[in-house]
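Keeping the supplied structure of chain A fixed, place chain B with the ligands upon it in accordance with the hints.
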Amino acid sequence: MEMVKVTIDGITKEVPKGYTVLEAAHSMNIHIPTLCYLKDINKIGACRVCLVEIEGAKGLQTSCVYPVSDGMVVRTNTARVRKARKYNVELILSAHDRSCLTCIRNKNCELQTLAEEFNVDEIHFDGDNIHYPIDDLSPSIVRDPNKCVLCRRCIAACNEQTVYAIGINNRGFRSIISPVFGRSLNESPCINCGQCIISCPTGALREKSSIEKVWDALNDPDTHVVVQTAPAVRAALGEEFGYPIGTLVTGKMVAALKRLGFDRVFDTDFAADLTIMEEGNELLKRLENGGPLPLITSCSPGWVKFCEEYYPEFIENLSTCKSPHMMLGAIIKTYYAQKAGIEPEKIFVVSVMPCTAKKYEIERPEMALYGIKTVDAVLTTRELARMIKEANIKFTSLPDEDFDDPLGESTGASVIFGVTGGVMEAALRTVADIVEGKDLDKIDYQQVRGLDGVRESLVTINGMEIKIAIANGTGNARKLLDAIKSGETFYHFIEIMGCPGGCINGGGQPIVPSRIKMDLDVKALRAKAIYEEDAQKAIRKSHKNPQIIKIYEEFLKEPLSERSHHLLHTEYERKELYSSKNNKENKKSATAAK
Amino acid sequence: MTALLEDVKEKDKYKRLHDVIDAYKDKPGALIPVMNEAQEIFGYLPFEVQKEISEGLNVPLTKVYGIATFYSRFTLHPAGKYRIGVCLGTACYVKGSSLILDKIKEKLGIDVNETTPDGKFSIDSTRCLGCCGLAPVMMINNDVYGKLSPDDVDKILEKYK
Ligand code: SF4
Ligand code: SF4
Ligand code: SF4
Ligand code: FES
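Keeping their order, the protein sequence lines are chains A and B.
At position 59 of the first sequence (counting the first as 1) the number is 59 in our numbering, and the numbers step up by one without a gap.
If you want our numbering, it's the 1-based position in the second sequence plus 1000.
With the rest of the complex left out, here is chain A (with noise of 0.2 Å):
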């Protein structure tokens, strides 16, 4: 690698050669601050904030985007740069909405950080104000505009998704971010993922809430709450507890459900067991009758709207395999209900998941059973937190507890569907024992982990090749389907997951500020978690779960059979980008016009 040598505060240093100031200072460990830029995500100069000076440059210069060369001298904390860094957030802070105690953000805001740290006690700017209405029609994303510093980081994770939903409009002063045409969310290609989210500096994104709906269903003594939770949940929720990220927290959040007065919490993780026995037969149905083929997977409802919007000639090989906790509620409201002798009308059932998606999921109308919803709620793992936080319980002192019997147990396969690569080893542990007929020592499947955008391999079980990919984000979906359509490659079974790294760094899930991503690899240390957790079960194939054959024996027959079609599997359809609606109208005005 070539390197240039360059001076920072006096230090000089050798770095590699296509660093920005910003990456030399920081690998001198130098802090200079940043609102616009997010690594690997957004590299665009401008706010303005990360201001430098450097010898033999005219004015100040932005280091997120400046590029070193050799012998360069910077100086990164002058009384000059001090000043114009400050000057740029008080105009920034003049034209927002300053309404911070009341704000989603409050403590994890980037913005407000620096007003902090650049000791901002007075705005000397009178900010012209347009007062923005928030949009709040999508199940899944709020956006408040009035919030929004323009930074262009939503933009750039919802243009790395490929999903090309929002973009920066007009100009000026009149500059919003937002869909086409004063659209609101819901009109518009979005896919639910909430990477915008988990993206964004300030409060101006946010879930749509469901805490005041949890908390009433909990109030009513007529209603037996049930709550779920999601595998990659345990792995971030200590984080807003202030455990360093990548702590596995699962029994003190057990223990922290039962505080909030949830009648029973169970586990997603039996659902994902669940998912892998219908979706490891379909898979073996579908090599036997000679397709289609690739069957892909479906749990992740990101993912199967971004299909259904961009690739609806893949429809036909997604698995027809409800999403886990959609398989769970609508066991809950049969086999349990029957179970504990509760009318399915009398009970709530509230998910916790790392996932926005699952917000808009449930709303789909192909989810109902004999009418009613299966899932009443979806919670982010933010959300809990926030409920937890309410409920004024100490979680760092709570002790470990156990899901609650019979949906709480689970194996270490149905753990790693939280990370990209783990529905695919799932699948893999049980398909390879039932292709084998015997209980198979292999059980990690090491070619399908890591974080890489597309993997792919080849598995050979019992003298079966399979040709496998995996795909996390879709951006790197569009990729994996753009090469299968010109016939490059193909493959006999997809994973695909919606967000980058999988559900442990889905849209729901605890916002780390872009600070920390710089020193730390948050998918990675989630990841290694999970993968802990599954390391530690004493069963790590789903169709060994106790709790699985007998649900089989009982209830469900065997795989695949007429009762697991009509409550475990569902169908898809094709989605316009734009649905017509506003199309119409607009229509109307312009012949009006004429």
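None of these hints come from the bench; they were simulated from the model.
In this text, a Cβ means the ideal position worked out from N, Cα and C, and glycines have one as well.
Be a bit skeptical, because a hint or two may be false.
Said to hold, decoys possible - No more than 25 Å apart at the CA atoms, straight line, and that leaves these computed lysine-lysine pairs for BS3-like: (1) B:Lys1027 with A:Lys39; (2) A:Lys479 with B:Lys1027; (3) B:Lys1027 with A:Lys485.
Unchecked claim - With the Cβ distance kept under 10 Å, some of the chain A side facing chain B (calculated, not the full set): (4) Ile155; (5) Ala156; (6) Val163; (7) Tyr164; (8) Asn170; (9) Val180; (10) Phe181; (11) Ser188; (12) Ile211.
Only chain B with the ligands this time, still in chain A's reference frame:
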């Protein structure tokens, strides 16, 4: 009959748009030239036109729309039968032309670059009209009105109703 003629005209415009898209397709930097031509053909860039461009050139609609709202030469709405321009040049501005613009906006219920739902009026963003002596000035199509006060707005608009 008029409806039919309108329809034929509209279809013809779309045909021209598709020809333009085909001509530029696969060329780098095609987007803005195509948008310019589309603005010429239709007189404005409504949703359907932007969608055609987005699909035809394989660029996200958000990008097309972002450009359409960034440059003032693109409009999202057809111009009204009467196009109103209020001078915001220095001389007029000093004499309170922004108050007049505000009054017109309030009266018509539309913003700059928008058209009233009945298609009668639209407001253009206007720089100096070159008759500073009459400041503050506004124009409606080719009629010039000078030395205005906000109270004159009602009467003037009434003439075109
Ligand atoms: S976005 Fe940040 S600075 Fe703005 S109100 Fe919320 S917490 Fe305060
Ligand atoms: S939720 Fe996902 S698809 Fe929707 S705007 Fe945000 S990043 Fe784009
Ligand atoms: S919504 Fe958030 S991420 Fe997007 S531009 Fe505004 S502040 Fe930045
Ligand atoms: S300009 Fe560098 S962080 Fe925004």
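Evaluated hints:
For a cut-off of 25 Å, the pair hint linking Lys1027 of chain B to Lys39 of chain A is broken: about 32 Å separates their Cα positions. Our distance criterion of 25 Å between C-alpha atoms is met by Lys479 of chain A and Lys1027 of chain B, whose separation comes to about 22 Å. With a C-alpha separation of about 24 Å, the suggested pairing of Lys1027 of chain B with Lys485 of chain A holds against the 25 Å cut-off. Because the smallest distance between the Cβ of Ile155 of chain A and any Cβ of chain B comes to about 8 Å, under 10 Å, the interface hint for this residue holds.
The beta carbon of Ala156 of chain A is not positioned within 10 Å of any beta carbon in chain B (closest approach about 12 Å), and the interface hint is therefore violated. Checking Val163 of chain A against chain B: minimum C-beta separation of about 9 Å stays under 10 Å; hint holds. Interface restraint check for Tyr164 of chain A: the shortest CB-CB distance to chain B comes to about 3 Å, inside 10 Å, so the restraint holds. Interface hint at Asn170 of chain A: satisfied, since its Cβ lies 5 Å from the closest Cβ of chain B, which is below the 10 Å cut-off.
Given the 10 Å rule on beta carbons, the hint for Val180 of chain A holds: about 4 Å separates it from the nearest Cβ of chain B. For Phe181 of chain A, the interface hint holds, the least distance from its beta-carbon to any beta-carbon of chain B being 6 Å, beneath 10 Å. A least Cβ separation of about 8 Å between Ser188 of chain A and chain B falls short of the 10 Å threshold, and the interface hint therefore holds. The closest approach between the C-beta of Ile211 of chain A and any C-beta of chain B is roughly 31 Å, which is over the 10 Å cut-off, so the hint fails.
Hint compliance for this structure: hints 1, 5, 12 are not met, and every other hint is.
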